[in-house]
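Chain by chain, the residues run as shown.
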Amino acid sequence: MSNPFTIQTQPQAPAAEKIVVRVDGRQVEVPKTMPDPLTGKPVPTTMLQACEAAGVAVPHYCYHPKLPVAGNCRMCLVEYGTPALGPDRKPLLNPDGSPRIAKAPRPAIACATPLSPEMEIYTKTPAVKQMREAVLEFLLINHPLDCPICDQAGECKLQEYSVEHGLSNSRFVEQKVHKPKRVDLGPRIVLDDERCILCTRCIRFTRDIVGDDALGIVNRGSYNTLTAYPGRPFDNNYTLNTVDLCPVGALTSKDFRFQMRVWFLKETKSLCTSCATGCNIIAGSREEKVYRYEPRQNDAVNSTWMCDYGRLNYKWINREDRLSEIRGPNQQAISWEAAGKEISSRLKAAKPGSAAIVASARQTNEELYLVATLGRHLHALMDSVPRVKEGDGLLLSADRNPNWNGARLTGVAAHPPGSNLPKIADGIRSGAITSLIVIGEDVTRCGIGPELLDKLELLVVSDILPNETTKRAHYLLPGCAHLEKRGTFTNGKGRLQKFTKAISPKGYARAEQEYLTDLLFSLIGRRDYATIEGLFNKMAADVPAFKGLTWAAIGDAGVNVPI
Amino acid sequence: MPKEYRQILKYADEPGYTPDIECYLRHGGYQVLKKALALQNGTLPDGKPASGPERLRNEVMISGLRGRGGAGFSCGLKWSFVDRKSGKPIYLICNADESEPGTFKDRQIIYKDPHQLIEGMAIACYANDVHLAFIYIRGEFIEGARLLNQALKEARQKNFLGRNILGSGYDLDIHVHRGAGAYICGEETGLIESLEGKRAYPRIKPPYFPAVLGLYMCPTIVNNVETLCAVKHVIDMGGAEYARLGTPKNTGTRIVSISGHVKRPGYYEIETGKATLRDLIFDPAFGGGLREGRKLKAVIPGGSSAKVFKAGERFRIKMRSPDGRESEQEIDMLDLPYDFDCIIAAGSMSGSAAIIVMDDSTDIVAALANISDFYAHESCGQCTPCREGSLWMAKALRRLVAGQGRPEDADYLARIADNIPGGRTICAFGEGCSWPVQSFIAKFKEEFVARGAAADTGRKGEKTQAA
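Order-wise, the sequence lines are chains A and B.
Per my numbering, residue 1310 is the first one in the first sequence, and the count goes up by one each step.
Per my numbering, residue 1427 is the first one in the second sequence, and the count goes up by one each step.
Only chain A is shown next, with the shape it has when bound in the complex:
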């Protein structure tokens, strides 16, 4: 994670020793060891990892690249061969000098079996196909086959592997084992024990990654039943990751239950905005409504996880009272041109230094850069609003602003954080500050009360939801949620990451960078870019921390910048 422009974490050893094996006849070279997902220590590379490197998909349920190996589903069984040794323990050779490979009498699970030199892995033999059919048949005999009412349909590994590797008919004519259904496991999770295939991914994640030994299995044999610790709700801040992990519909999210079929969802790469970690997400939306967030893998930021708090913090996007109309003085509805003209002329008329700007650290790097440019032009006092609560030591950061670093690096945020806010309040009180621009914050909650706002000659407010500050705005400009625009954030560790637009802005709302660009153009008379890409590249040229970056180079995993 110290290498700024890499996307994946590399194995620890600088030049890891390689091993050559064959997968389905094709030679592949892989490192001899890979970092263990839990400890980071080098462990022997497995057959499954070699197959992945060779581009061969091996079906599996209990294996997960970020969890310790369990080896219980038996779906990844493959056949393999190793060099045959003669009675003198020397390798037997073929006529052409290559080592003779003897097929092992028993199959092995690819997820847990380490490679050995010259090993050959066979994933497409009739025996392997039959073993997969057998495992699927076994999994389905007690499965309730709830697909029509199961949330997992469309992203269910049991469905997918059944189609790809399974039989179409079942021979089972006995009575199925019945287990608890619709178990209220905790405040956010519903458990269906009949659907559970007992892969133990949820148990391993909760115990080993989160450190909360909350889940386990009771009863024996076919009656194995997943349960939370008796009497204790399953309620840590990471429970919804088990829903992602669960290959079937056993663990489902109460929030998403019966809300939308997954094949209707448009999947947009974005970021969570609930704290400075900036977990990478995929936002699932349909027809301008957001239905869920899921974590997206980024080994430099959030691995494959996100916290429950951030995951569920999307409903405000769909709120009925989203600001959607531009309002001028006396709450009159006006157009963007009119608002822009009036604001710009009033700012031109104001004395230098008589304006102040409070711009949220929830705005994007680009927007904050434009704010800083505006602020310098107006000789304005600027600041952002700090938002500090308790972090949980895992993904949830104590800093609840997604872009404090962006606010700081562009020059909007003061140091110490929030120290300019009382100065702005004093300035308004004394009459030195007569114009205030507020973007994305309710300043009545950070020391600039309604009586001060009422003293201003010009109050321009941009926001997405109504509050005490928007009520008093002379000009109210509706802005965008991050899913309604494009841009970048700089997370708490200095990772600059971009997000993409999923849904349209509400009503007349526009991305903040658009009207800020117009405003600056009308004040300064220069517009050096037409698109977000161009804006980013200009920002990179002006902000020292972003030097050398281009929009194109950010990629899906972001880049590190010096903070």
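Errors might be hidden in some of the hints.
[Claimed, not checked] Below, simulated DSS-like cross-link-like pairs (lysine-lysine); rule was C-alpha separation at most 25 Å, straight line:
{"#": "1", "chain 1": "B", "residue 1": "K1631", "chain 2": "A", "residue 2": "K1341"}
{"#": "2", "chain 1": "B", "residue 1": "K1631", "chain 2": "A", "residue 2": "K1412"}
{"#": "3", "chain 1": "A", "residue 1": "K1598", "chain 2": "A", "residue 2": "K1815"}
{"#": "4", "chain 1": "A", "residue 1": "K1350", "chain 2": "B", "residue 2": "K1721"}
[What the hints assert, rightly or not] Ranges of calculated distance between the beta carbons of each label pair, as one might list FRET restraints:
{"#": "5", "chain 1": "A", "residue 1": "Y1538", "chain 2": "B", "residue 2": "G1738", "range": "55 to 63 Å"}
{"#": "6", "chain 1": "B", "residue 1": "R1841", "chain 2": "A", "residue 2": "W1572", "range": "46 to 54 Å"}
{"#": "7", "chain 1": "A", "residue 1": "K1490", "chain 2": "B", "residue 2": "A1854", "range": "46 to 54 Å"}
FYI, nobody ran anything at the bench for these hints, they're computed from the structure.
The beta-carbon is built from N, C-alpha and C at its ideal position, and this holds for glycine as well.
Following the hints, position chain B against chain A.
Chain B only, in chain A's frame:
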């Protein structure tokens, strides 16, 4: 005439022999431990220098002692896999979980001669640089656990255990840990998990070979009760001398548990391979033959997990004649020498040396249903084929017994059973639950088909004609 060769059970059934240490000492107890502790550094047969413990391990290796718990794996070889370079403590666990149906040999040692086990364990521990050992005893042996704890207390009092045993400088203590009624706790890694306080889910191998990553992820040896007692006798007489007992590659003695339809069910200790199945079932010195008017139908040679033999089956296997020459012969099942390798060559196994005899009064379908119920009940549930398959087969057999079978159920069951063993499961329970089904159906297919055809209803309630 074959007869018993009582080595381990030499004194256990003598009148007046009691489990206390005084009785054990009167019969020469703990002398072999003294001998083992006193063994100085020396050389191995190949001239390499060796410490006392290494020399002891070598004796066990050349004795050819094979595990008596069911797998029959070379004890010396198992000990040689132990990782002695990791710096971690090495543990030894006595597997006293005796749960294989048909087996009742270890309990004889535990209940009647516990000190022999303790002495054998102490020698094995000294040979392997173990200072903390455990006896995992099945929960149902309540009195056995009490007897063992009492014996351990006596041994500690006389400094056969504890610090500086008999002034040798060697420390060892042994603790008894009681199980709670699960067959899978007899699986070595299931046992280790249970000993650690967790659910007895066996571990995947690789990487969790007990010799490297066992109890508390330290190198661990797991040996059966009888094996550890045999270690005492190996050291007592010397490995080469021990290897002369029994037959080549199948050395020493085995305690055979004979149950079922014989006149004299019980336990009998024999030299491995020196008695045949016929001897053990029919000879008056052992099983004493079938009940009046009965004919032999089936024999399970090695505990319920072993594949069944049908009466009259013949096998073509390599046999070694008394003068040592190997030749292939066709013999009746009953003439199989009762050792490890001949029974394996005949397609089954001697397992825990438990012979279950079934005569012609046996309802074979019900017998298999009973066996399958055991495995369905005992499956730990960790891996897919065994968890789902074991109960599936039990349900199908219950259905057959209850008169709701179908003629095709024989093939149905066989194909389910074929999908479980052969490396598809985490542990050998997969073989254990499927081999009975595979072998019973293969060898007694007509009975299963007939039972299915004679069912009251066929498919989904429609009536079928009786076959």
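So, going through the hints one by one against the coordinates:
Between the alpha carbons of K1631 of chain B and K1341 of chain A the distance comes to roughly 19 Å, so the proposed pair stays at or under 25 Å and holds. For the proposed pair K1631 of chain B and K1412 of chain A, the alpha carbon gap of about 19 Å is at most 25 Å, so the pair holds. Of the supplied pair hints, the one linking K1598 of chain A and K1815 of chain A holds, its CA atoms being roughly 11 Å apart against a limit of 25 Å. Proposed proximity of K1350 of chain A and K1721 of chain B is contradicted: the alpha carbons are some 64 Å apart, above 25 Å.
The hinted window of 55 to 63 Å between Y1538 of chain A and G1738 of chain B holds, with their beta carbons roughly 57 Å apart. Remark: the range hint 46 to 54 Å for R1841 of chain B to W1572 of chain A is contradicted by a beta-carbon distance near 35 Å. Between K1490 of chain A and A1854 of chain B the Cβ separation comes to about 34 Å, which falls outside the hinted range of 46 to 54 Å.
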